Amino acid sequence: MSSPEEKTLILKSSDNEEFLVKESVAVQCITIKNLVEDGCDLDAIPLLNVDSKNLAWIIEFMEKYADSTSTDAEKKDFDTEFVKKPFNDVLGLILAANYLNFPALMDVMCDACANEMKLWSVEQVREKFHIQNDYTEEEEKAVRAENFWAFE
Amino acid sequence: MAMGKKFESIVNRANEGYGMGLVRSTSFGRKRVALSHFNLEFDGHDDCILTTPAKRQCYEDSFFCSDKSILEALPQDVLIRILCGVEHDDLKRLVFVSKTLRDATLIAKQWHFAYSTPRKTIGFQNVGNLCEFNEVEAPNAPKQLRVPRSRLSAKKLADISVTLFSSGSEDNWARKDLLMAMETEI
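Taken in order, these protein sequences are the chains called A and B.
Here the first sequence stands for residues 1 to 152, where the numbers follow the numbering used here.
Here the second sequence stands for residues 153 to 338, where the numbers follow the numbering used here.
What the hints contain is simulated information worked out from the structure, not anything from laboratory work.
Being a predicted model, the structure only gives us computed values, none of them experimental.
The C-beta atom is built at its ideal place from N, Cα and C for all residues, glycine as well.
Accuracy of the hints is not assured; some may be wrong.
Think about it this way: if two alpha-carbon atoms lie no more than 20 Å apart in a straight line, the pair counts; the simulated PhoX-like pairs of lysine-lysine are [as the list claims (entries may be wrong)]:
#1 A:75 / B:251
#2 A:64 / A:7
#3 A:85 / A:64
#4 A:22 / A:33
#5 A:12 / A:33
#6 A:85 / A:75
#7 A:64 / A:53
#8 A:75 / A:118
#9 A:141 / B:251
#10 A:84 / A:128
#11 A:141 / B:244
#12 A:53 / A:7
#13 A:84 / B:251
#14 B:251 / A:118
#15 B:251 / A:128
#16 A:128 / A:141
#17 A:33 / A:76
#18 A:53 / A:12
Example chain B residues on the side facing chain A (calculated, C-beta under 10 Å, incomplete) [as the list claims (entries may be wrong)]:
#19 226
#20 239
#21 250
#22 253
#23 254
#24 259
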């Protein structure tokens, strides 16, 4: 039940798009909560590391999680659909959740990322993340020998 | 756009952690100059603080320019958080991807050992040999007895129970005597 006095915040993305969000919803992001508590919410709150694409998704997620009428099962279904995004978008959301310090989103996105990574081979991981193999042959052998006891 | 000084400092702290270099000018009040990869603007004053170490610059590049090496550009704590969701058995593959990933994987592996027992794939040879199986499963885990040995033997208990019962009444008498003795003394 929202009181008539309930505050709405203006969140501004890095590409200058403004979003109206209820304060009770937005403070799930601890970064925003701290700014509000410090009295910095008079004008739009600029979120310099979050673009409008990510911010729109984050707000959608926040509103679902702030909704007291949605059950755990509904949230789980929502999460399952929510994480069905291209991998780079998943990573973008993880970085945004980290910047905004939004634990619920962080958990959901990191678990989704980990689930995808489980299925990949070493080469696929390198390809997806555009990583160069920076081991020399000797170093690679040494790593295999070093970690043998832990993993075999 | 008017911004409170306090807000600016909070945003500065937040942004510095993520690759944005900000120049704070005390002589020009609240004027802020953002350093980016593409253009550098200086106000030509003496007290400016540049905060663009190479590591952050690399992150900034990937963040603004392309998706390349986005995983390498992730802060290590975020990388570890992701890897903690990967099954222990799968972590071993990730050690070989790159050095950065190896470091993060080893930390995530320690987390696995600290908070959960990693599942070992059971082979036929382990089924009939349970003692060895347990040792291989967790080589450094402290051995715990299933049933803790009682430090009191039945004989000792019998002695104590007798003493208690007999000393209970004896004690009462002894105390009474002591009290009476004390009263007479006083």
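Hint by hint, here is what the structure shows:
1. Taking the CA atoms of residue 75 (chain A) and residue 251 (chain B), the gap is about 37 Å. The hint is violated against a cut of 20 Å.
2. Our distance criterion of 20 Å between C-alpha atoms is met by residue 64 (chain A) and residue 7 (chain A), whose separation comes to about 18 Å.
3. Restraint check for residue 85 (chain A) and residue 64 (chain A): satisfied, since their Cα atoms lie roughly 18 Å apart, inside the 20 Å limit.
4. For the suggested pair residue 22 (chain A) and residue 33 (chain A), the alpha carbons sit about 12 Å apart, so the restraint of at most 20 Å is met.
5. Between residue 12 (chain A) and residue 33 (chain A) the CA atoms are separated by roughly 15 Å; this keeps the pair inside 20 Å, and the hint holds.
6. This hinted pair checks out: residue 85 (chain A) and residue 75 (chain A) have alpha carbons roughly 17 Å apart, not beyond 20 Å.
7. Our distance criterion of 20 Å between C-alpha atoms is met by residue 64 (chain A) and residue 53 (chain A), whose separation comes to about 17 Å.
8. Taking the CA atoms of residue 75 (chain A) and residue 118 (chain A), the gap is about 24 Å. The hint is violated against a cut of 20 Å.
9. Of the pairs offered as hints, the one joining residue 141 (chain A) and residue 251 (chain B) holds, with about 13 Å between alpha carbons and a cut-off of 20 Å not exceeded.
10. Under the criterion of a C-alpha separation no larger than 20 Å, the hint pairing residue 84 (chain A) with residue 128 (chain A) is consistent with the structure, at around 16 Å.
11. Pair hint residue 141 (chain A) plus residue 244 (chain B) holds up; C-alpha atoms about 14 Å apart against a cutoff of 20 Å.
12. Simply put, residue 53 (chain A) and residue 7 (chain A) have alpha-carbon atoms about 24 Å apart, too far for the 20 Å limit, and the pair is violated.
13. The suggested pairing of residue 84 (chain A) with residue 251 (chain B) is violated, with an alpha-carbon distance near 29 Å, which exceeds 20 Å.
14. Our distance criterion of 20 Å between C-alpha atoms is met by residue 251 (chain B) and residue 118 (chain A), whose separation comes to about 19 Å.
15. Simply put, residue 251 (chain B) and residue 128 (chain A) have alpha-carbon atoms about 17 Å apart, close enough for the 20 Å limit, and the pair holds.
16. Restraint check for residue 128 (chain A) and residue 141 (chain A): not satisfied, since their Cα atoms lie roughly 24 Å apart, outside the 20 Å limit.
17. In summary, the hint linking residue 33 (chain A) to residue 76 (chain A) is not supported, as the alpha carbons are separated by about 25 Å, beyond the 20 Å threshold.
18. In summary, the hint linking residue 53 (chain A) to residue 12 (chain A) is supported, as the alpha carbons are separated by about 12 Å, within the 20 Å threshold.
19. Because the smallest distance between the Cβ of residue 226 (chain B) and any Cβ of chain A comes to about 7 Å, under 10 Å, the interface hint for this residue holds.
20. At its closest, the beta carbon of residue 239 (chain B) sits 6 Å from a beta carbon of chain A; the interface hint therefore holds under the 10 Å criterion.
21. A cut of 10 Å between beta carbons decides the hint on residue 250 (chain B): the least distance to chain A is about 5 Å, and the hint holds.
22. Of the supplied interface hints, the one on residue 253 (chain B) holds, with its beta-carbon coming within about 7 Å of a beta-carbon of chain A, less than 10 Å.
23. Interface restraint check: residue 254 (chain B) against chain A, minimum CB-CB distance 7 Å, threshold 10 Å, status holds.
24. Checking residue 259 (chain B) against chain A by beta carbon gives a least distance of about 13 Å; that is not within 10 Å, so the hint is violated.
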